[in-house]
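2 protein chains.
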Amino acid sequence: MSDKRQRLIDTALNVFYEKGIHSIGINEILKASGVAKKTLYTHFESKAALVLAALKQRDETFLAWLNTRLAGANTNYQLIENLFLGLELWFTGKVPELGDFRGCFFVNTSAEFSTQESDISIYCQAHKQRVRSLIETHLPIPNNTLLDAICLLKEGAINTAYVERDFSAPRKCIELLQAMDKL
Amino acid sequence: MSDKRQRLIDTALNVFYEKGIHSIGINEILKASGVAKKTLYTHFESKAALVLAALKQRDETFLAWLNTRLAGANTNYQLIENLFLGLELWFTGKVPELGDFRGCFFVNTSAEFSTQESDISIYCQAHKQRVRSLIETHLPIPNNTLLDAICLLKEGAINTAYVERDFSAPRKCIELLQAMDKL
DNA sequence: ACAAAGGTAGACCGATCTGTCTACCTCAAC
DNA sequence: GTTGAGGTAGACAGATCGGTCTACCTTTGT
Numbered sequence: 001m002s003d004k005r006q007r008l009i010d011t012a013l014n015v016f017y018e019k020g021i022h023s024i025g026i027n028e029i030l031k032a033s034g035v036a037k038k039t040l041y042t043h044f045e046s047k048a049a050l051v052l053a054a055l056k057q058r059d060e061t062f063l064a065w066l067n068t069r070l071a072g073a074n075t076n077y078q079l080i081e082n083l084f085l086g087l088e089l090w091f092t093g094k095v096p097e098l099g100d101f102r103g104c105f106f107v108n109t110s111a112e113f114s115t116q117e118s119d120i121s122i123y124c125q126a127h128k129q130r131v132r133s134l135i136e137t138h139l140p141i142p143n144n145t146l147l148d149a150i151c152l153l154k155e156g157a158i159n160t161a162y163v164e165r166d167f168s169a170p171r172k173c174i175e176l177l178q179a180m181d182k183l
Numbered sequence: 001m002s003d004k005r006q007r008l009i010d011t012a013l014n015v016f017y018e019k020g021i022h023s024i025g026i027n028e029i030l031k032a033s034g035v036a037k038k039t040l041y042t043h044f045e046s047k048a049a050l051v052l053a054a055l056k057q058r059d060e061t062f063l064a065w066l067n068t069r070l071a072g073a074n075t076n077y078q079l080i081e082n083l084f085l086g087l088e089l090w091f092t093g094k095v096p097e098l099g100d101f102r103g104c105f106f107v108n109t110s111a112e113f114s115t116q117e118s119d120i121s122i123y124c125q126a127h128k129q130r131v132r133s134l135i136e137t138h139l140p141i142p143n144n145t146l147l148d149a150i151c152l153l154k155e156g157a158i159n160t161a162y163v164e165r166d167f168s169a170p171r172k173c174i175e176l177l178q179a180m181d182k183l
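Protein sequence lines, in the order shown, are assigned to chains W and D. Sequence positions in the first sequence follow my numbering and run 1 to 183. Sequence positions in the second sequence follow my numbering and run 1 to 183.
Don't read these hints as lab results, they were simulated from the structure. Mixed in with the good hints there might be a few duds.
Copies of one chain are not kept apart here, so a pair can be met inside one copy or by any two copies together.
As the list claims (entries may be wrong) - Straight-line alpha carbon distances no greater than 25 Å define the calculated BS3-like cross-link-like pairs of lysine-lysine that follow:
1. K19 <-> K47
2. K94 <-> K172
3. K94 <-> K56
4. K56 <-> K4
5. K37 <-> K56
6. K19 <-> K56
7. K37 <-> K94
8. K47 <-> K94
9. K47 <-> K172
For clarity, every value in this text was computed on a predicted model and none was experimentally measured.
Let the hints inform the model, and build the full structure from the sequences given.
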């Protein structure tokens with residue numbers, strides 16, 4: 001039935017994440033997925049709808065991965081290690097389900113869509129909030145200041161890793177947060 | 001002479017920063033700048049060359065602004081305040097020369113150009129390194145760990161402010177760094 | 001006086017874009 | 001055994017893309 005739909009979403013996510021959205025045409029996705037154009041437009045009303053579906057897919061995959069990475073932390077420090085060593089694995093291409101690292105898909109996509117009111121921008125914002133909530137629920141000892149620090153450094157690490165190609169960021173974050181947590 | 005060239009660069013920077021690059025056509029820049037297409041192509045060999053010129057312009061404007069913001073700090077804490085309160089002004093649209101805030105132009109542009117070897121991606125990387133160097137030279141008491149923390153949090157603040165529309169990030173960064181600096 | 005350089009407006013080229021449509025195929029349900 | 005949903009391939013429409021080019025105008029240096 002609609003395993004075609006799923007194949008379109010998977011392909012779209014891969015291609016959009018790798019090459020951006022505006023620079024890729026629908027035809028390229030059709031070719032890569034081996035699906036007919038008519039089929040695409042029976043499942044999605046527009047390219048934007050496909051983008052949104054790809055974002056949703058990425059959101060779910062990312063949160064699922066993060067959830068297993070963070071599970072089982074007994075101390076705040078352990079959670080910090082789980083998170084940032086996980087990011088390091090992602091950056092260096094060792095997390096197959098996240099694909100070759102090319103920054104944060106949601107940041108990249110926000111950058112391409114200027115109107116902050118669009119569904120796409122709003123979805124990107126919501127994703128970041130879900131990530132924050134997930135980290136919060138795994139924090140053994142609640143600490144809002146620490147949570148802020150973790151989230152800000154996480155964003156810093158991801159963008160520094162991508163734009164500056166500096167993969168040492170996660171280790172630095174761990175050291176900083178370790179010092180902070182002792183306060 | 002080539003005040004037309006400058007006008008093209010100014011317009012391109014404004015439009016690209018506001019709306020992204022792949023989603024804007026050359027004709028839109030021509031219309032907004034009131035310059036003929038032939039003139040554009042006598043000064044720039046391609047759209048990519050114009051993008052590079054816009055990046056260079058932004059690089060210079062941003063570094064000049066940052067330089068005056070950071071000047072005169074006598075303590076590391078003062079430098080941190082100068083930097084992050086400056087970011088807050090930027091985010092909230094109170095720095096005319098940086099335009100209405102729409103994230104970091106270099107991060108946004110990197111997101112649109114997938115090949116990491118392109119001139120454009122390399123320029124974005126170099127910009128971030130220049131910003132880091134500038135902060136380093138203004139740090140009254142050298143401290144590499146602190147410098148790392150400042151740069152990571154700065155990136156985190158910029159991206160959080162844009163994607164999550166949360167302008168409270170700079171104040172949080174100041175508090176975190178203030179605590180850290182006491183270690 | 002005149003050549004060279006820089007400017008204008010905009011027609012034009014070939015490619016590509018999103019999205020629609022025709023014509024036909026496959027297959028499961030009732 | 002027919003109907004309807006989902007599939008295929010790909011032609012097509014209309015717009016827009018980056019970039020070239022023609023034809024002409026304006027300014028400046030010598």
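Going through the hints against the structure:
1. K19 <-> K47: both (15 Å within a copy, 18 Å between copies)
2. K94 <-> K172: within (19 Å within a copy, 32 Å between copies)
3. K94 <-> K56: Within one copy only: 22 Å inside a chain, 35 Å across chains, cut-off 25 Å.
4. K56 <-> K4: within (17 Å within a copy, 45 Å between copies)
5. K37 <-> K56: For K37 and K56, the Cα distance is within 25 Å only inside one copy (22 Å; across copies 41 Å).
6. K19 <-> K56: Result: close both inside a copy and across copies, 18 Å intra and 23 Å inter.
7. K37 <-> K94: neither (34 Å within a copy, 47 Å between copies)
8. K47 <-> K94: neither (30 Å within a copy, 36 Å between copies)
9. K47 <-> K172: neither (40 Å within a copy, 38 Å between copies)
Hint compliance for this structure: hints 7, 8 and 9 are broken, all remaining hints hold.
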